[in-house]
Amino acid sequence: MRRLIMILLTAALSSCAKTTITSPSPVVDSGALPREFSNTVVPGGSASRAFDTTAAGTITIVLKSTTPGGVAVGLGVGIARSNGSCALNAAIEAVAGTTAQISIAADKGAYCAKIYDLGTLQAPLPFTIGLSYP
Amino acid sequence: MALAIAISACGEKTDTPTSATSTAPTTILFSGTLQPLGTRFYSYTMTTAGTVSAMLASLERGNTPATNMLELGLGIPAGTGCATSVASNTNTALIPQLSEDFGVGTYCVRISDKDGLPVPMNFTIRLVHP
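Chains as they are written, first to last, in this note's numbering: chain L, 1 to 134; chain H, 1 to 130.
For the record, the hints were derived by calculation from the structure and aren't laboratory data. Be careful, since some hints might not be right.
Simulated coverage check for chain L against chain H, where a stretch passes if three residues somewhere in it have a Cβ under 8 Å from a Cβ of chain H [as the list claims (entries may be wrong)]: (1) 71 to 80; (2) 87 to 93; (3) 109 to 118.
All C-beta atoms, glycine included, are put in the ideal place defined by N, C-alpha and C.
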């Protein structure tokens, strides 16, 4: 009888050792995602698009196309203000291309891309900007 | 008897994963115009102790970003000014140039032109605190 109790007690305690604790799985960011932004910039004007980065990383911007092509405009990146304006951090004079024209390290937060007339536009200019950010 | 105690104790072992409670940080944008050799400062209040980060994100002359160096500082309001406890000479970036731990209280961020801007320029500072 004493031996039977010992066997049952050992079996009961050994089953306790199989308790497992699981934790929620973190969501893994797959990295920078490409986006596009199309609009029209008018003579003397500008157009911007705000976006949020979900982690620190690199923002890249390319002026992918203008209609007509070969037109130079101002292209910049900055911080998005609550009033909708885009306060520029960096800007270049750009014509449409295929490789990144602006590449800048940024903290997690709210940013913006901006295109603006350099004072040379004679008519509204349709454009597409490519964006990549975490 | 021993068997009953052993089984009973086993059945009460319920470990549940817990997650820490966190509060989203507060982001404030301070924008204004800085005159040549001028200083501007802004106050903010922290209700939770923690790390404050400050970023001189933009300095513009019209649509053109400027690369002038400015002094960015964090500190405590003192009289009609801001007494900085940490400061850095910096140009603009989209990553914080300053980071410092502070307790609960009222603090300030200060921007100063020490070198002499050629013209007044518009700036934007991003501040993040707990």
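These are the hints, each one checked on the structure:
1. 71 to 80: holds (count 5)
2. 87 to 93: holds (count 5)
3. 109 to 118: Satisfied; 4 residues make the cut.
Consistency with the previously given hints is maintained throughout, with no hint failing.
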